[in-house]
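Q: Protein chains in written order, with our numbering: chain A, 208 to 398; chain B, 129 to 782.
Only pairs whose alpha carbons sit at most 25 Å apart, straight line, appear in this in silico BS3-like list of lysine-lysine:
#, chain 1, residue 1, chain 2, residue 2
1, A, Lys-259, B, Lys-425
2, B, Lys-717, B, Lys-223
3, A, Lys-253, B, Lys-659
4, B, Lys-426, A, Lys-259
5, A, Lys-271, B, Lys-659
6, A, Lys-259, B, Lys-647
7, B, Lys-456, B, Lys-321
8, B, Lys-640, A, Lys-259
9, B, Lys-403, B, Lys-495
Label-pair distances were calculated between CB atoms; the ranges are:
#, chain 1, residue 1, chain 2, residue 2, range
10, A, Pro-239, B, Gly-598, 36 to 42 Å
11, A, Gly-269, B, Ala-770, 38 to 44 Å
12, A, Leu-353, B, Lys-647, 29 to 35 Å
FYI, nobody ran anything at the bench for these hints, they're computed from the structure.
Quick caveat, the model's predicted, so the values are computed rather than measured.
Just so you know, even glycine gets a beta-carbon here, dropped at the ideal spot from N, CA and C.
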Amino acid sequence: MKKSSKILLLVSSLILIGIFFFPLWTIDLQAPQYPEGLTMGSWINKISGDLKIINDLNHYVGMKEIVPDAIPELKYMPFIVGFLIVFGLVNFFLGNKKLVWVWIILFVLLGAIGLYDFYMWEYDYGHNLNPNAAIKIPGMAYQPPLIGSKQMLNFHVDSYPSIGFVIIAVSILLAILAIYLSRNVEHKQEG
Amino acid sequence: MFNAFTKKAILIGLTFAALVGIYFGCKSSKEVVSGDVAKAVYVPPGSYDEFYLFTSGGFNGQVGVYGLPSGRHFKTISVFSQNPETGYGYTEETKPMLMTSYGFIPWDDSPHPELSMTDGVPDGRFLFINANNTPRVAKIDLRTFETTEIIEIPNAAGNHASPFVTENTEYIVASTMFSIPIPQADVSISSYKENFKGTISFIALDPKTERMNLAFQILVPGFDYDLAHAGKGPSHDWAFFTCYNTEQANTLLEVNASKNDKDFIAAVNWKLAEKYVQEGKAKKMNVEYYHNVYDEKKHMATSEVKTAVLVLEPKDCPGMIYYLPTPKSPHGVDVDPTGEYIVGGGKLATVIPVHSFSKMLKAIENKQFDGEINGIPILKYEAVMAGEVQNPGLGPLHTEFDGKGYAYTSCFVSSEIVKWKLGTWEVVDRIPVYYSVGHLCIPGGDSKKPWGKYVVALNKITKDRYLPTGPELTQSAQLIDITGEKMKMLLDFPTVGEPHYAQSIPAEILMKNSAKIYKLEENQHPYAVLKEADARVERKGNEVHIYMTAIRSHFAPDNIEGIKAGDVVYFHVTNLEQDWDIPHGFTIKGLTNAEMLIMPGQTKTIVWKPTKPGVYPFYCTDFSSALHQEMQGYVRVSPANANVQISYNTTGKK
Chain A
208 MKKSSKILLL VSSLILIGIF FFPLWTIDLQ APQYPEGLTM GSWINKISGD LKIINDLNHY
268 VGMKEIVPDA IPELKYMPFI VGFLIVFGLV NFFLGNKKLV WVWIILFVLL GAIGLYDFYM
328 WEYDYGHNLN PNAAIKIPGM AYQPPLIGSK QMLNFHVDSY PSIGFVIIAV SILLAILAIY
388 LSRNVEHKQE G
Chain B
129 MFNAFTKKAI LIGLTFAALV GIYFGCKSSK EVVSGDVAKA VYVPPGSYDE FYLFTSGGFN
189 GQVGVYGLPS GRHFKTISVF SQNPETGYGY TEETKPMLMT SYGFIPWDDS PHPELSMTDG
249 VPDGRFLFIN ANNTPRVAKI DLRTFETTEI IEIPNAAGNH ASPFVTENTE YIVASTMFSI
309 PIPQADVSIS SYKENFKGTI SFIALDPKTE RMNLAFQILV PGFDYDLAHA GKGPSHDWAF
369 FTCYNTEQAN TLLEVNASKN DKDFIAAVNW KLAEKYVQEG KAKKMNVEYY HNVYDEKKHM
429 ATSEVKTAVL VLEPKDCPGM IYYLPTPKSP HGVDVDPTGE YIVGGGKLAT VIPVHSFSKM
489 LKAIENKQFD GEINGIPILK YEAVMAGEVQ NPGLGPLHTE FDGKGYAYTS CFVSSEIVKW
549 KLGTWEVVDR IPVYYSVGHL CIPGGDSKKP WGKYVVALNK ITKDRYLPTG PELTQSAQLI
609 DITGEKMKML LDFPTVGEPH YAQSIPAEIL MKNSAKIYKL EENQHPYAVL KEADARVERK
669 GNEVHIYMTA IRSHFAPDNI EGIKAGDVVY FHVTNLEQDW DIPHGFTIKG LTNAEMLIMP
729 GQTKTIVWKP TKPGVYPFYC TDFSSALHQE MQGYVRVSPA NANVQISYNT TGKK
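In isolation and in its complexed conformation, chain A is listed as follows:
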């Protein structure tokens, strides 16, 4: 691969370190009596924000308490990201286009699984309600949207990807760009 491509691969891997410092996804809540808003950030390794306050409010409608320690994904996701960084660095040294493709496909696949998993957690929290809840509204579920906005009782919920997710997207795009730039040089390099 070209030198420029390899540098792109290096950048693509190294910026992934950034997702240890930023949330992947944020859910913002607003209600009349919460003008300051409540926020919850999903990271690869933790849940940040006003988790305690949100849990205290959720108990009225019978939602389970969100306990980060009970979410195993938060424990192994850092290792997956670590693996992807190391794999990316290996690609930077080897410059093997095929391996870069493997990396991209693996990353997209893991990302899709991650999003599906996130959706399933949201579904579980939103639907699996305590039958003894103080507030019960027939037919009402409290699953936040995966992407977008929704009114749930007095709360307006916004759920959107955050900086961590953007880093992932940029990382993948850089890898694709690296391959694109070296589309004609493969044989010489490998020969």
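Given chain A, work out where chain B should sit, using these hints.
A: Then chain B, alone, in the frame of chain A:
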């Protein structure tokens, strides 16, 4: 004929009535304010006031928090008085705050709030306030707007000239309005001149721990020390105290203490006093006084009894204190923003005397003395005087500054505020106030950098200003715009207690530091329970400790049995909320004590002594959720000889 005469009579009558109406209309205090003042004081819904105003509660022993320019009341901070609304002075944690060497005192008279300063400018860390009756100084933390420290002043009575601070809050001052035998003694009151003395106290604020400490006292002649202000800039090292009753009368002071043409402003070089203390010139005196500190992590106050104080005597300490003669029983003493002019409020004088700090230093250097009292040299009036404001109004009391070269003096008797120019001493404007203004307050008006936008008149007499409420009326403050050449009346607003003096500071300085909750993980209260699973009931002899939690919308435990008549029951309630503005209240039927309001993350304890068997409901008094009414529980009280064991349940998860 008859008809015509009647018509004429009616006409004349109406004309007369109209004239009378015009006459009294003009004389009335209800004259219409000019221009569109509504806009100047209107703070739209959801918007904030530009300034905080802290008014002393005077005889209610508390501090009122208001907004300017709206005059809206936000909070009453409990300081020297019990408050059954929050439990201040009733809960086990706050009872020590009101302990003194005379025992537990549920009340005091608190005249002067004073903001802490850095470089002579209010810094928004603390508000100090004095207790006049049983001399004390309190410190309020402006992050929580709660009283966190109270120190008693020994060898004092009537702590009125207090708690004014030096330029960097190195010291907070206190004094004696009533001279007394020091040390206290059983002597005849008529032996006043021989046995009665005054003290001026300096309380140091430790810059690191931010705790107060009574550093030293100065023993002074037995006059009435009335008000104080510390110097700034060039006069940084000095503090000034007015005194009256230099006649040393002990009866009918209104006549007997008003005889002398001149009384004094005492100028104290505290920096030199500090040096004399370091050199060991101070004598250790055995006294007893309380120092009460509230720990915001333990949510608990503790009292320490101190037994000694260092006392300096002017005769051993040359250069430490001088008297500046000042006309006729001066009341206020105010130092202008440059630190050069010292304005006396000669309440019975026909002029406002202004002393010059630089002239004072020169007079000291040239020994321009007019005798001395107990080792305190009296400086010559002409040698220290900078000027006199002629015909200021009747009964000038207090002066504040706008930072633009003007001074504003309250005149109690002529019921007006008078604006005059520093340097030329000419009166440039005056505005009537309703009625009989005492102190006045410009935001930062006693500091180096006033925010000279408004002056607040703190009036002593209310009369017809508001809807009547029987013989006891509200207290009244008035807001006046001082941005133009002419002062402009903007607003009347009622205040609670007696708003003796006030301090004001831009909202932006305090808002950003105001705490929203107490953090649960920082709660070190020995009886706190930080999670519901730890809620429990423990018996120790006839004491029962209930470790209770409160969170929307239940208490844990909420069914308690095994209490017996005659037990002493401690409800230690921790509010587990960490959400902004979700306090919980607690009370139980028949509680011969106050309720308590517990802020998020806080633990409070109230003692209940049930005497009659039965079942007693308890509930949350502060409406914080849709299920507030459900936030309740029961305690079963059995006869003293019953064999019911302690048992309890919690509704929450383990």
